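Novice: Start from chain E and add chain F according to the hints.
Protein chains in written order, with this note's numbering: chain E, 1 to 249; chain F, 1 to 314.
Honestly, the hints are just simulated from the structure, not real lab data. Computed from a predicted structure; not experimentally measured. Virtual Cβ for every residue (Gly too), placed ideally from N, Cα, C. Don't take every hint at face value.
Ranges of calculated distance between the beta carbons of each label pair, as one might list FRET restraints [to be verified]:
no., chain 1, residue 1, chain 2, residue 2, range
1, F, S119, E, G53, 52 to 58 Å
2, E, M1, F, D232, 28 to 34 Å
3, F, G218, E, K202, 56 to 62 Å
Taking lysine to any residue pairs in the SDA-like style, the calculated list, with each CA pair at most 25 Å apart, reads [claimed, not checked]:
no., chain 1, residue 1, chain 2, residue 2
4, E, K16, F, A262
5, F, K211, E, I249
6, F, K211, E, A233
7, F, K211, E, E227
8, F, K280, E, G162
9, F, K118, E, E222
10, F, K118, E, L49
11, E, K216, F, M1
12, F, K273, E, K216
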Amino acid sequence: MKVLVPIKRVVDFNVKIRVRADGSGVDLANVKMSMNPFDEIAVEEAIRLREAGTAEEIIAVSIGPQKTQETIRTALAMGADRGIFISCDDELEPLGVARLLKCVVEAESPELVILGKQAIDNDCNQTGQMLAALLGWPQGTFASRLELDGGKARVTREVDGGLQTVILKMPCIVTSDLRLNEPRYASLPNIMKAKKKPLEEKPAADYGVDIAPRLKVLKTQEPAAREAGEIVANAAELVEKLQNEAGVI
Amino acid sequence: MAVLLVAEHDNVSLNAATPKAMSAALAIDPDVHILVAGNGCASVGDEAAAITGAAKVLLAEAPHLEHHLAEEMAALAVPLAAQYGAILAPATTTGKNYMPRLAALLDVAQISEITAVKSADTFERPIYAGNAMQTVQSSDAIKIITVRTTAFQAAETGGNAPIEKINVPAPAGLSQFGGDELTSSDRPELASAKVVVSGGRALGSKENFAKFIEPLAGRLNAAVGASRAAVDAGYVSNDYQVGQTGKVVAPELYIAIGISGAIQHLAGMKDSKVIVAINKDEEAPIFQIANYGLVGDLFKILPELQSELEKADG
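Bound conformation, chain E alone (with noise of 0.2 Å):
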């Protein structure tokens, strides 16, 4: 079985970002990028299935500007077998990625999709949703397990009140949740010998598919910043102020 992971490169989790005084958007010059966390996950997932043998390879692909390379290298040095790189230096919306991702699909022919419910960044949580849509393939998102059993997928969810498990005929696309797993870190002679491994480079022109975007940014604003308030001495007086200042109890 093939898994087909795409990936995203964003802002690393841990920078706060600034945001352009002119409203024109966030500001990502020398700011540090890594492989959205959830993606990470999707890779963990997909590099276990091949590890316990389900998995025969695993294709890490990602779309963007040139040094979205480097992203999917850390797929490859985490045991990713091949890459595929979709240069595009316009920023996509999810329709647009979900659209060439089928065409990815379309030609290496997966038996699963893995990717993260989220990328960090703009918050959307829609690509992976929307590629089940348009294969007309079924999806288990926000997945916190996934079993392989005899052509199906039984896909554990996180959701609002606990747990959901869904069963669907594969292939199938899942989105992985937090607690899907750890993900490892690559070793140094794993990083080393990711440099050898394949990765295809193909312009997004190329595919042939609309990924013109459908909304127009007006503008990006910082939000309403909120004040630290006063440090109190003891349990007593917290509970004075909550009652008396700020009325909540």
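Specialist: Same frame as chain E, now just chain F:
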């Protein structure tokens, strides 16, 4: 053009998220229809019909709609879409599951987790865990929108909209429900509670979490929340997580106990009216957004707080 709001419910009663999302729908267009899809959910249809501003309720009942599987919900909504200028759902795990699927089937973008309606085609939404707010304008004929319900007041009730039963397409049959493990609690629901008491890794164990957080929550009639670290450590289950990718809450009072305040956690609670932080590290980022901070050992402070609250209650 009319707007369709997809109701969130458990086939028995309407979820509190729906009347809040209704306010977003009404801000787009006064002609709002509510879709109640499920199995044996006529009572939910009645509740939806009572939301002030609802022009009509569409009731879709079938066994394969019982669990709101994305494949079935999207297939149900596609043939309805042409009559509407926008389709909205609350940004719950259910709405977030089927709405992007519906958007792609309709060949339109989705606008995720809107926090304000600027006009019928322009919306505000948070990006980067709420560290930036983006205003976006949609050029699509049908706007597919999920609503961050903490940003909207609940619509009133007292209406009496007509209920129309609609045809349900045959099951897509791609997926099936395999069971659930839902947390049952006597406490208020986390997403809509007036007071939330959240615990972090500093609690140290599942036993301590129960011993120190639960009584305080009980005293304040609060919902219990947790940081990702506390959930990852197994102190409580995933549905307690507050943050960028967990639940977003905005109660009157949020008490963060032993939570340092990672960006991802702040994203889920920084719109709370009053924030209290209790932490032994005075440098913890949580203090930068807290109205009231208490620096010290939580195992000493919490019993004191409990007895002070008892005294205050007289």
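Novice: Between the alpha carbons of F/K118 and E/E222, is the straight-line distance 25 Å or under?
Specialist: holds, 17 Å
Novice: Compare the distance between the alpha carbons of F/K211 and E/A233 with 25 Å, and conclude whether the hinted pair is satisfied.
Specialist: holds, 24 Å
Novice: Taking only the CA atoms, is the gap from F/K211 to E/E227 under or equal to 25 Å?
Specialist: Distance of about 32 Å is beyond 25 Å: violated.
Novice: Would the pair F/K273 and E/K216 pass a check requiring their Cα atoms to be no farther apart than 25 Å?
Specialist: violated, 32 Å
Novice: Does E/L49 sit within 25 Å of F/K118, going by the straight-line distance between their CA atoms?
Specialist: violated, 46 Å
Novice: Do the alpha carbons of F/K280 and E/G162 lie within 25 Å of each other, as the hint requires?
Specialist: Violated - the C-alpha atoms of E/G162 and F/K280 are around 31 Å apart, more than 25 Å.
Novice: Holds or violated: E/K16 and F/A262, Cα atoms, limit 25 Å.
Specialist: At roughly 10 Å apart (the allowed maximum being 25 Å), F/A262 and E/K16 satisfy the hint.
Novice: Using the beta carbons of F/S119 and E/G53, state whether their distance is inside 52 to 58 Å or not.
Specialist: holds, 55 Å
Novice: Next pair to validate is E/K216 with F/M1; report whether the Cα-Cα distance is within 25 Å.
Specialist: Judged against 25 Å, a Cα distance of about 21 Å means the pair holds.
Novice: F/K211 and E/I249: Cα distance at most 25 Å?
Specialist: holds, 22 Å
Novice: State, for the Cβ atoms of E/M1 and F/D232, whether the hinted interval 28 to 34 Å holds or is violated.
Specialist: holds, 29 Å
Novice: With respect to the beta-carbon atoms only, verify the hint that F/G218 and E/K202 lie 56 to 62 Å apart.
Specialist: Once the Cβ atoms are compared, 59 Å apart, the range 56 to 62 Å for E/K202 and F/G218 holds.
Figure legend: structure checked against the earlier numbered hints; hints not met, in rising order: 7, 8, 10 and 12.
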